[in-house]
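2 protein chains.
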Amino acid sequence: MPTITVPLPTTPYTIHLTELSRIGELVRPLIPGRRLVVVSNPVIFGHYGEPLVASLRAAGYTVTTCLIPPGERFKTLKTLQTIHDHCHQTRIDRQSGVIALGGGVVGDLTGFAAATWLRGVAVIQVPTSLLAMVDASIGGKTGVNTPQGKNLVGAFHQPRCVLIDPTVLATLPSREWRSGLAEVIKYGVIWDKDLFTLLEHVPHLARQPKVPPEILMELLTRSAQAKAEVVSKDEKESGLRALLNYGHTIGHAIETATHYRTYTHGEAVGLGMKAAGQLAARLGIWSDSDAARQAALIAAAGLPTQFPHLDPDVLMQLMQGDKKVQNDHVRFILPTTLGHATLHDRVNPDEVRAVLQELVSKGDQKS
Amino acid sequence: MPTITVPLPTTPYTIHLTELSRIGELVRPLIPGRRLVVVSNPVIFGHYGEPLVASLRAAGYTVTTCLIPPGERFKTLKTLQTIHDHCHQTRIDRQSGVIALGGGVVGDLTGFAAATWLRGVAVIQVPTSLLAMVDASIGGKTGVNTPQGKNLVGAFHQPRCVLIDPTVLATLPSREWRSGLAEVIKYGVIWDKDLFTLLEHVPHLARQPKVPPEILMELLTRSAQAKAEVVSKDEKESGLRALLNYGHTIGHAIETATHYRTYTHGEAVGLGMKAAGQLAARLGIWSDSDAARQAALIAAAGLPTQFPHLDPDVLMQLMQGDKKVQNDHVRFILPTTLGHATLHDRVNPDEVRAVLQELVSKGDQKS
Numbered sequence: 001m002p003t004i005t006v007p008l009p010t011t012p013y014t015i016h017l018t019e020l021s022r023i024g025e026l027v028r029p030l031i032p033g034r035r036l037v038v039v040s041n042p043v044i045f046g047h048y049g050e051p052l053v054a055s056l057r058a059a060g061y062t063v064t065t066c067l068i069p070p071g072e073r074f075k076t077l078k079t080l081q082t083i084h085d086h087c088h089q090t091r092i093d094r095q096s097g098v099i100a101l102g103g104g105v106v107g108d109l110t111g112f113a114a115a116t117w118l119r120g121v122a123v124i125q126v127p128t129s130l131l132a133m134v135d136a137s138i139g140g141k142t143g144v145n146t147p148q149g150k151n152l153v154g155a156f157h158q159p160r161c162v163l164i165d166p167t168v169l170a171t172l173p174s175r176e177w178r179s180g181l182a183e184v185i186k187y188g189v190i191w192d193k194d195l196f197t198l199l200e201h202v203p204h205l206a207r208q209p210k211v212p213p214e215i216l217m218e219l220l221t222r223s224a225q226a227k228a229e230v231v232s233k234d235e236k237e238s239g240l241r242a243l244l245n246y247g248h249t250i251g252h253a254i255e256t257a258t259h260y261r262t263y264t265h266g267e268a269v270g271l272g273m274k275a276a277g278q279l280a281a282r283l284g285i286w287s288d289s290d291a292a293r294q295a296a297l298i299a300a301a302g303l304p305t306q307f308p309h310l311d312p313d314v315l316m317q318l319m320q321g322d323k324k325v326q327n328d329h330v331r332f333i334l335p336t337t338l339g340h341a342t343l344h345d346r347v348n349p350d351e352v353r354a355v356l357q358e359l360v361s362k363g364d365q366k367s
Numbered sequence: 001m002p003t004i005t006v007p008l009p010t011t012p013y014t015i016h017l018t019e020l021s022r023i024g025e026l027v028r029p030l031i032p033g034r035r036l037v038v039v040s041n042p043v044i045f046g047h048y049g050e051p052l053v054a055s056l057r058a059a060g061y062t063v064t065t066c067l068i069p070p071g072e073r074f075k076t077l078k079t080l081q082t083i084h085d086h087c088h089q090t091r092i093d094r095q096s097g098v099i100a101l102g103g104g105v106v107g108d109l110t111g112f113a114a115a116t117w118l119r120g121v122a123v124i125q126v127p128t129s130l131l132a133m134v135d136a137s138i139g140g141k142t143g144v145n146t147p148q149g150k151n152l153v154g155a156f157h158q159p160r161c162v163l164i165d166p167t168v169l170a171t172l173p174s175r176e177w178r179s180g181l182a183e184v185i186k187y188g189v190i191w192d193k194d195l196f197t198l199l200e201h202v203p204h205l206a207r208q209p210k211v212p213p214e215i216l217m218e219l220l221t222r223s224a225q226a227k228a229e230v231v232s233k234d235e236k237e238s239g240l241r242a243l244l245n246y247g248h249t250i251g252h253a254i255e256t257a258t259h260y261r262t263y264t265h266g267e268a269v270g271l272g273m274k275a276a277g278q279l280a281a282r283l284g285i286w287s288d289s290d291a292a293r294q295a296a297l298i299a300a301a302g303l304p305t306q307f308p309h310l311d312p313d314v315l316m317q318l319m320q321g322d323k324k325v326q327n328d329h330v331r332f333i334l335p336t337t338l339g340h341a342t343l344h345d346r347v348n349p350d351e352v353r354a355v356l357q358e359l360v361s362k363g364d365q366k367s
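These protein sequence lines map, in sequence, to chains X and V.
For the first sequence, counting from 1, position 163 maps to 163 in our numbering; every step adds exactly one.
For the second sequence, counting from 1, position 332 maps to 332 in our numbering; every step adds exactly one.
Warning: the hint list may mix true and false statements.
Just so you know, same-sequence chains aren't split out, so a pair can sit in one copy or run between any two.
Unchecked claim - Simulated pairs of lysine-lysine, BS3-like, Cα-Cα distance not exceeding 30 Å: (1) Lys210 / Lys233; (2) Lys210 / Lys150; (3) Lys193 / Lys236; (4) Lys150 / Lys236.
Source of the hints: derived by calculation from the structure; they are not laboratory data.
Kindly produce the complete structure, drawing on both the sequences and the hints.
Put into structure tokens, the structure is as follows:
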């Protein structure tokens with residue numbers, strides 16, 4: 001089974017693409033204590049909790065479970081306190097560890113709880129959604145949503161290892177599969193041209209059960225590899241890692257404007273990538289044909305390609321409050337060729353507004 | 001003016017013992033953005049806010065202030081959110097920074113707010129209490145108190161620099177001065193025998209205004225140096241740094257048992273050191289004469305030397321829940337000679353109980 005190393009200078013770790021039931025043997029050398037907490041939500045734990053806990057117990061751990069309600073609206077300081085309470089009651093110390101079994105919400109919350117309990121205990125990420133497998137579980141970003149916004153409060157806290165079992169995607173709702181594809185497409189555009197081409201040739205890309213297992217493994221491995229490479233070259237998001245925000249500047253604004261209700265994160269990122277691609281083409285730094293290929297791939301992934309009910313001025317304003325702002329300038333990551341992108345600090349706001357205007361207009365749903 | 005380097009591998013920084021009005025020139029090379037938030041409480045800001053802010057503005061920064069209520073009972077997640085709100089409203093980004101002007105509560109809260117806002121922004125510590133100068137401001141420990149306990153939730157987040165102005169101690173309440181001395185005595189016992197001897201020879205040690213400025217500077221410099229040396233050899237408290245918990249295992253239990261109302265942190269640590277010293281002597285690893293010298297110095301510092309109303313069994317139970325627990329064994333830091341201490345994992349609980357019993361007994365107040 002493939003493994004990918006994330007060679008961070010102080011906290012290197014391994015991403016294992018393997019069966020869930022191997023968790024015990026993988027964790028044993030990494031967590032010296034005997035107590036573990038598994039944080040999950042009831043739906044996911046119902047599917048995969050039993051084999052996971054059995055494997056950890058077979059490896060000698062005393063395992064308790066902390067179930068939190070599913071959904072982004074529970075990614076709050078209050079749920080964080082629930083996890084801290086559980087850590088306190090089960091006497092999790094610095095030799096113990098926490099396992100995040102779930103999608104991005106479980107991963108971000110559990111990672112932040114581990115980052116802040118006793119000023120930092122070990123966390124193992126076991127992502128169960130495509131989005132979490134290729135993005136959220138790798139790189140140590142953790143956090144919660146607060147009244148100020150999404151993910152403005154959090155910490156960098158690297159996992160001790162990541163276990164990705166592709167077979168758990170069988171129970172993933174199809175909208176979540178398509179949403180995760182947005183991040184996979186992102187890696188194709190900014191980092192790995194071969195991944196982009198591979199995606200273009202997957203028949204029925206939008207329907208996970210129809211994707212052959214060997215192609216699924218290839219998509220997951222290439223995506224995790226891309227994320228690992230970028231993160232290991234820039235752990236704290238001071239430079240290169242900003243590339244991973246491709247599609248996210250506009251994407252976050254769309255999510256905020258729609259109160260996180262209309263679009264999933266991946267759908268918003270897909271829209272953001274389409275807009276950023278059109279912006280890059282408009283500015284003459286990306287070819288029209290590559291921008292069109294990206295738009296076609298986003299559509300083939302079953303992602304929305306327009307946002308008909310949004311006001312470009314509202315989106316512009318929201319981007320001014322985004323954390324990727326430096327001294328009031330909105331930063332954009334823009335592709336240059338397939339597999340490469342660069343940071344642009346001073347894009348003319350009129351150009352951005354013009355692109356947004358095109359995407360809010362009705363009709364031409366597949367352009 | 002003395003400077004001390006904290007040579008951490010990834011985040012080295014300098015402790016400056018100098019005038020408050022030099023803050024602007026010291027911060028300028030460290031924080032590239034133009035926005036700063038000063039977090040303080042109204043009392044301290046009333047004394048020292050004006051020259052601090054003036055110096056920062058003269059260095060070209062746009063400065064806003066976020067005042068939080070004074071007192072340990074406000075070291076909560078709720079106050080943390082107040083600081084995050086202020087960061088959001090004043091658009092603090094990753095190029096900006098946060099200045100903590102105050103004692104341990106302001107320093108810990110502001111440090112944790114900086115650690116978690118946008119997953120980490122720069123913080124400068126400007127401690128105004130003796131305790132904060134010699135302990136809390138150095139080493140990157142940040143956190144809040146939660147229903148689970150004191151400082152169980154927090155993060156390691158190193159400051160970009162620390163500015164210590166000894167003259168601000170003129171307005172420090174005398175009980176806080178004496179409390180801070182507990183940590184200074186601690187460094188003498190665990191790390192710096194010359195500091196211990198110096199303390200023994202300070203006339204009127206318990207009364208700050210009577211301590212000559214050059215001796216005060218020597219106490220501060222040696223204490224900060226001790227903390228910097230220990231911290232730089234063990235940033236994340238996996239080994240050596242545990243020495244700094246000398247007196248804290250019993251101290252924390254005393255604070256918890258009295259709901260943080262009867263004793264200040266320093267007073268509780270003083271009691272904890274006295275108990276740990278007696279325990280070490282009882283176990284034959286420290287001389288009775290050194291234990292007696294420590295007890296005499298704690299008394300000379302005007303710190304309490306007994307805790308007459310506490311139940312040893314309650315304290316024993318509370319120590320089982322302390323975060324310095326590893327797999328149920330309570331850890332004690334115990335002195336071996338003046339200037340040296342070691343970690344003991346498996347002290348017989350009966351011996352601990354016997355020492356506590358001596359200290360809860362009435363009479364013999366100065367022993």
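Comparing the hints with the structure gives:
In the homo-oligomer, the alpha carbons of Lys210 and Lys233 never lie at most 30 Å apart, since the shortest distance is 35 Å inside one protomer and 55 Å across protomers. Within a single copy, Lys210 and Lys150 get their C-alpha atoms no closer than 34 Å, and across copies no closer than 53 Å, so neither meets the 30 Å cut-off. Taking the shortest alpha-carbon separations for Lys193 and Lys236, only the intra-copy value of 25 Å comes in at or below 30 Å, while the best inter-copy value is 40 Å. Taking the shortest alpha-carbon separations for Lys150 and Lys236, both the intra-copy value of 18 Å and the inter-copy value of 29 Å come in at or below 30 Å.
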